[in-house]
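Top line first, the protein sequences correspond to chains C and X. Following our numbering, the numbering of the first sequence begins with 1 at its first residue and continues without gaps. Following our numbering, the numbering of the second sequence begins with 1 at its first residue and continues without gaps.
Worth flagging that the hints you see were computed from the coordinates, not collected in a lab. Possibly wrong hints are sitting among the right ones.
[To be verified] Here are the in silico distance ranges between beta carbons for each label pair:
no., chain 1, residue 1, chain 2, residue 2, range
1, X, D209, C, Y425, 41 to 51 Å
2, C, G40, X, G77, 36 to 46 Å
3, C, E345, X, N207, 18 to 28 Å
4, C, G40, X, D169, 25 to 35 Å
Glycine included, C-beta positions come from ideal geometry on N, C-alpha and C.
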Amino acid sequence: MTTPPLSTPSAKTPPVGGAGNAGQTSRSRRRPSRRGPLLGSSFASAWEALLANRLRSLLTILGVIVGVAAVIAVVTLTQGTSAVLNARVASLGTNVLTIIPGAPTGAGGVRGGAGTRQSLTQADADAIASAPHVVAVSPVIGASEQLVAGAQNWNTRVEGVYPGYQQIANWQMAEGSWFSDADEASARSVVVLGQTVVANLFSSTGTDPLGQTVLINGVSYTVAGTLKSQGTVGFANQDDVAFIPFSTANARINASQYVSQIQAQVDNASDVTATQQAVTALLEQRHQIASGGTDDFSVRSPTQFVQTAQQSEQTLALLLIGIAAISLLVGGIGIMNIMLVSVTERTREIGVRMAVGARRGDIRNQFLVEALTLSGAGGLLGVTIGLIVGLMLTRAFSLPFVLSLPAIALAVGVSAVIGVGFGFYPALRASRLDPIVALRSE
Amino acid sequence: MADRGSVKASVASANGATSPASASSGAARGGVPGVPVISARRVSKVYRLGQTHVAALRDVSLDIQRGEFVAITGPSGSGKSTLMNLLGLLDRPTSGGYWLDGREVGLLPADTVADIRNRSIGFVFQGFNLLGRATALANVALPLVYAGIPRAERERRARRALRAVGLGDRLRHKPTQLSGGQQQRVAIARALVNGPTLLLADEPTGNLDTHTSEEIMALLVRLNTLGLTVALVTHEPDIAAYAPRQIAFRDGRVLHDSGAPITALVGETPPPEPERGARDSVFRIREDPL
Chain C
1 MTTPPLSTPS
11 AKTPPVGGAG
21 NAGQTSRSRR
31 RPSRRGPLLG
41 SSFASAWEAL
51 LANRLRSLLT
61 ILGVIVGVAA
71 VIAVVTLTQG
81 TSAVLNARVA
91 SLGTNVLTII
101 PGAPTGAGGV
111 RGGAGTRQSL
121 TQADADAIAS
131 APHVVAVSPV
141 IGASEQLVAG
151 AQNWNTRVEG
161 VYPGYQQIAN
171 WQMAEGSWFS
181 DADEASARSV
191 VVLGQTVVAN
201 LFSSTGTDPL
211 GQTVLINGVS
221 YTVAGTLKSQ
231 GTVGFANQDD
241 VAFIPFSTAN
251 ARINASQYVS
261 QIQAQVDNAS
271 DVTATQQAVT
281 ALLEQRHQIA
291 SGGTDDFSVR
301 SPTQFVQTAQ
311 QSEQTLALLL
321 IGIAAISLLV
331 GGIGIMNIML
341 VSVTERTREI
351 GVRMAVGARR
361 GDIRNQFLVE
371 ALTLSGAGGL
381 LGVTIGLIVG
391 LMLTRAFSLP
401 FVLSLPAIAL
411 AVGVSAVIGV
421 GFGFYPALRA
431 SRLDPIVALR
441 SE
Chain X
1 MADRGSVKAS
11 VASANGATSP
21 ASASSGAARG
31 GVPGVPVISA
41 RRVSKVYRLG
51 QTHVAALRDV
61 SLDIQRGEFV
71 AITGPSGSGK
81 STLMNLLGLL
91 DRPTSGGYWL
101 DGREVGLLPA
111 DTVADIRNRS
121 IGFVFQGFNL
131 LGRATALANV
141 ALPLVYAGIP
151 RAERERRARR
161 ALRAVGLGDR
171 LRHKPTQLSG
181 GQQQRVAIAR
191 ALVNGPTLLL
201 ADEPTGNLDT
211 HTSEEIMALL
221 VRLNTLGLTV
231 ALVTHEPDIA
241 AYAPRQIAFR
251 DGRVLHDSGA
261 PITALVGETP
271 PPEPERGARD
281 SVFRIREDPL
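My request is simple: use the sequences and hints to build the entire structure.
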């Protein structure tokens with residue numbers, strides 16, 4: 001609305017001075033007090049307008065809800081995972097090498113799960129034992145088996161390992177002892193039980209598990225010892241496990257020449273890298289892989305394990321945050337769209353408000369507050385849903401639930417910024433309406 | 001009231017005929033005694049429609065004194081609605097000067113104009129223009145929101161205004177639950193609630209039947225006798241007849257003014273300023289007119 005300059009006819013004199021000023025001072029004195037009630041009533045009228053179109057408002061903020069919920073869920077999940085990874089590094093110690101079948105991977109490479117390729121044998125493990133700085137070695141084979149003790153039964157992971165595995169994995173005994181070299185040599189049917197297994201097989205009957213007989217796959221095993229709890233470290237419960245001698249497992253459970261992994265303990269953390277190289281060279285030689293060729297195994301140090309896990313976790317997080325960002329952008333555009341519709345629908349209301357004394361800024365703020373309320377509601381709902389999803393995911397993966405306040409503040413802040421950012425143009429358009437045209441609109 | 005033959009006579013009559021109480025309440029509307037509520041000098045409004053220029057108003061000059069009831073009549077396209085928009089500060093003239101309460105308002109910034117609309121002018125429209133989602137009470141309280149009045153005080157004043165137009169028992173009704181006449185009375189209450197100097201009614205009975213129109217006009221007449229200045233735009237002679245003074249428009253000019261010959265106003269200086277003391281007291285006391 002442009003106003004041509006007023007040409008004042010010379011014949012008249014405008015009544016300036018005290019008259020106009022008196023009025024102005026009286027008005028400007030009131031002006032500051034004008035803002036408080038106005039803001040409250042803007043929020044009230046925004047709620048009213050949004051509630052009048054409940055379904056439309058909900059659909060509008062769906063994009064923001066999804067985006068914020070995705071961010072919160074991902075952050076919750078990643079934080080839980082990192083907490084676990086850190087704990088795992090601490091529990092593993094920094095001087096255990098893990099050798100798994102399959103080609104080693106660089107960052108972002110495709111790899112099959114451990115054990116998908118079979119290339120490692122017990123003989124490889126025995127060869128590694130003679131490498132320098134290696135103080136203990138154990139091949140690992142495992143299977144999920146039904147354990148029966150009396151009337152109780154429990155399904156758990158049964159792993160066949162060397163006696164030295166106790167030292168490698170840092171298992172403390174709660175009762176009894178780990179099986180001996182003699183047990184291994186003669187493939188005796190002895191078993192060491194994790195606390196979860198003990199709890200499920202023996203606690204209800206109050207029996208002391210030591211010396212009791214447990215049936216695994218139809219074969220009787222004598223309980224040689226029980227393990228102290230290592231807690232829920234990792235994606236699975238560490239205590240839900242039973243160990244038997246490797247030779248026994250190889251004969252009764254896993255009749256194969258291949259093992260699923262080999263663990264080797266290095267005498268000193270500073271020798272880990274050198275030993276890793278030595279073990280790699282040794283296995284390449286044994287597997288007849290020319291230098292520069294693709295290995296059919298990979299040797300990992302604990303830090304590499306953590307790095308690999310963190311990398312894939314970060315890739316996943318980046319992907320999901322990318323999706324969330326797009327969702328938030330789409331949500332913002334949705335808010336802008338619906339605000340433009342709302343301004344058009346309520347053109348006459350805007351005209352009325354201007355006629356009764358709303359300033360252009362008041363109209364702009366009214367619609368800004370409305371957009372902000374929309375996106376803020378979306379943000380809060382998104383945080384709630386994201387936390388619920390995060391809680392469910394962490395439960396499902398047995399991860400700790402870590403509440404990240406900065407992430408929540410960020411999500412709510414971002415949705416507020418979206419509301420103001422995408423609501424500004426429609427609000428500006430509303431405030432620039434010509435009151436006469438607005439009052440005449442249908 | 002029918003005896004207001006001229007501008008000066010109408011002022012005398014308004015001051016003389018009303019009771020002291022209503023006279024003081026008239027002053028409390030923010031008006032300035034002795035200064036015309038409206039003073040327009042050689043006001044023109046030209047609309048540009050593509051290449052052509054359409055003059056909706058041509059050199060219109062007129063005064064409306066405090067307490068007057070003026071009907072602005074004319075066929076459609078005569079410029080009466082344009083004048084109404086200019087008087088109500090919804091639009092600005094292309095040229096000419098306009099004083100409201102002795103204050104030159106043509107050049108004021110938009111925010112100040114909005115504040116003046118809020119405090120000094122009450123609008124009543126043909127289509128009522130109530131907010132559909134809001135109750136009668138909230139509709140009436142709307143101008144007070146923009147005046148920065150706290151909530152409780154807003155409600156108190158809005159309730160009083162609704163009682164004054166006979167809708168004290170319809171506070172929580174929404175526009176759709178009210179008849180046309182009731183809606184227009186809500187609109188009138190909204191126009192009055194902030195104690196305006198001037199009530200501008202644009203075809204206020206255009207959407208109403210004869211009987212309801214009479215009720216609304218009776219209400220406007222009653223408000224006028226209490227001291228409120230009313231300017232009414234209508235094309236219906238019956239409705240215009242309620243006003244003691246009638247200004248007929250044709251082709252953007254004043255064709256006939258029963259209150260003041262336009263020739264007398266052309267080139268005339270707006271009335272002198274009031275004494276300072278009187279003005280200050282007027283602005284300090286802002287009582288509710290109802």
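**OP:** Starting from the range 36 to 46 Å, see whether the pair G40 of chain C and G77 of chain X falls in it by beta-carbon distance.
**Re:** Between G40 of chain C and G77 of chain X, where Cβ atoms are some 44 Å apart, the hint holds.
Original post:
Is the distance from the Cβ of E345 of chain C to the Cβ of N207 of chain X consistent with 18 to 28 Å?
Top reply: 21 Å, holds
**OP:** For D209 of chain X and Y425 of chain C, compare the CB-CB distance with the range 41 to 51 Å and indicate the outcome.
**Re:** 44 Å, holds
Original post:
Between G40 of chain C and D169 of chain X, does the C-beta distance stay in 25 to 35 Å?
Top reply: 28 Å, holds
In this structure, every one of the numbered hints holds.
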